[in-house]
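**Q** So the chains spell out like this:
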Amino acid sequence: LAKTTQPISMDSYEGQEVNITCSHNNIATNDYITWYQQFPSQGPRFIIQGYKTKVTNEVASLFIPADRKSSTLSLPRVSLSDTAVYYCLVGDLYNQGGKLIFGQGTELSVKP
Amino acid sequence: DTEVTQTPKHLVMGMTNKKSLKCEQHMGHRAMYWYKQKAKKPPELMFVYSYEKLSINESVPSRFSPECPNSSLLNLHLHALQPEDSALYLCASSQDRMAGYSYNEQFFGPGTRLTVL
Numbered sequence: 001l002a003k004t005t006q007p008i009s010m011d012s013y014e015g016q017e018v019n020i021t022c023s024h025n026n027i028a029t030n031d032y033i034t035w036y037q038q039f040p041s042q043g044p045r046f047i048i049q050g051y052k053t054k055v056t057n058e059v060a061s062l063f064i065p066a067d068r069k070s071s072t073l074s075l076p077r078v079s080l081s082d083t084a085v086y087y088c089l090v091g092d093l094y095n096q097g098g099k100l101i102f103g104q105g106t107e108l109s110v111k112p
Numbered sequence: 001d002t003e004v005t006q007t008p009k010h011l012v013m014g015m016t017n018k019k020s021l022k023c024e025q026h027m028g029h030r031a032m033y034w035y036k037q038k039a040k041k042p043p044e045l046m047f048v049y050s051y052e053k054l055s056i057n058e059s060v061p062s063r064f065s066p067e068c069p070n071s072s073l074l075n076l077h078l079h080a081l082q083p084e085d086s087a088l089y090l091c092a093s094s095q096d097r098m099a100g101y102s103y104n105e106q107f108f109g110p111g112t113r114l115t116v117l
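Protein chains in written order, with the numbering used here: chain A, 1 to 112; chain B, 1 to 117.
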């Protein structure tokens with residue numbers, strides 16, 4: 001299972017764009033890159049997933065370079081409600097028999 | 001219905017008690033999971049059920065006993081727990097692995113906050 005490395009914490013201000021980078025040097029060919037968000041005392045929530053290049057949805061964008069050894073989650077114009085822990089996961093839920101490993105996560109704090 | 005429900009929300013138990021955590025989903029998902037999360041730490045996988053059969057046990061102590069009575073329900077039976085077992089217990093479910101594509105989206109419940117005295 002690929003190990004991920006993310007910054008432990010980040011600070012931002014409302015209205016700014018936030019980019020959180022995740023390093024995953026030993027990503028396997030079948031692995032997908034997935035990001036989850038977790039608020040205190042709640043379960044994690046799926047944000048976005050990608051395999052290569054760029055993926056965008058209504059919440060975030062995910063940038064993946066050609067070598068796939070890292071990825072960047074981009075949150076446009078953050079608000080106070082985006083304060084949460086963001087987890088980068090690398091794997092393939094089905095080829096790993098249902099096993100996804102959460103890394104340490106990045107605690108994002110958005111200030112007014 | 002895209003919700004995973006967990007009961008109870010909070011549970012306080014003594015080390016000699018027997019209690020159960022309950023998880024339910026009605027999304028037709030055939031994979032269900034138990035995770036344990038300590039404060040300021042990431043969720044740790046405990047068990048995976050696939051098509052109501054236990055497929056992964058991450059070397060969890062036998063004082064935790066999972067059960068999947070049907071495709072919508074997942075239980076975690078607790079007996080003779082230790083204070084260090086106090087944590088948030090999260091249940092999750094995901095789509096059928098036979099759906100034809102790899103998709104890492106798991107739907108999590110709000111968790112049960114367990115305190116062992």
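Take these hints with a grain of salt, some might be off.
Unchecked claim - Keeping only pairs whose Cα atoms sit at most 25 Å apart, straight-line, the calculated BS3-like set for lysine-lysine is:
1. B:Lys-53 - B:Lys-22
2. B:Lys-9 - A:Lys-3
3. A:Lys-52 - A:Lys-69
4. A:Lys-99 - B:Lys-22
5. A:Lys-111 - B:Lys-41
6. B:Lys-40 - B:Lys-9
7. A:Lys-3 - B:Lys-41
8. B:Lys-40 - B:Lys-53
9. A:Lys-99 - A:Lys-69
10. A:Lys-3 - A:Lys-111
11. A:Lys-111 - B:Lys-18
12. B:Lys-19 - A:Lys-54
13. B:Lys-18 - A:Lys-99
14. A:Lys-3 - B:Lys-18
15. B:Lys-53 - B:Lys-18
16. A:Lys-111 - B:Lys-53
17. A:Lys-3 - B:Lys-38
18. A:Lys-111 - A:Lys-99
19. B:Lys-41 - B:Lys-22
Don't read these hints as lab results, they were simulated from the structure.
These numbers were taken from a predicted model, which means no experiment stands behind them.
**Q** It remains to establish, for every hint, whether it holds in the given structure.
**A** Evaluated hints:
no. : hint                 : verdict
1   : B:Lys-53 - B:Lys-22  : 17 Å, holds
2   : B:Lys-9 - A:Lys-3    : 32 Å, violated
3   : A:Lys-52 - A:Lys-69  : 10 Å, holds
4   : A:Lys-99 - B:Lys-22  : 21 Å, holds
5   : A:Lys-111 - B:Lys-41 : 23 Å, holds
6   : B:Lys-40 - B:Lys-9   : 19 Å, holds
7   : A:Lys-3 - B:Lys-41   : 16 Å, holds
8   : B:Lys-40 - B:Lys-53  : 31 Å, violated
9   : A:Lys-99 - A:Lys-69  : 20 Å, holds
10  : A:Lys-3 - A:Lys-111  : 30 Å, violated
11  : A:Lys-111 - B:Lys-18 : 44 Å, violated
12  : B:Lys-19 - A:Lys-54  : 46 Å, violated
13  : B:Lys-18 - A:Lys-99  : 28 Å, violated
14  : A:Lys-3 - B:Lys-18   : 36 Å, violated
15  : B:Lys-53 - B:Lys-18  : 23 Å, holds
16  : A:Lys-111 - B:Lys-53 : 46 Å, violated
17  : A:Lys-3 - B:Lys-38   : 20 Å, holds
18  : A:Lys-111 - A:Lys-99 : 35 Å, violated
19  : B:Lys-41 - B:Lys-22  : 23 Å, holds
Consistency with the previously given hints fails for numbers 2, 8, 10, 11, 12, 13, 14, 16, 18, ordered from lowest to highest.
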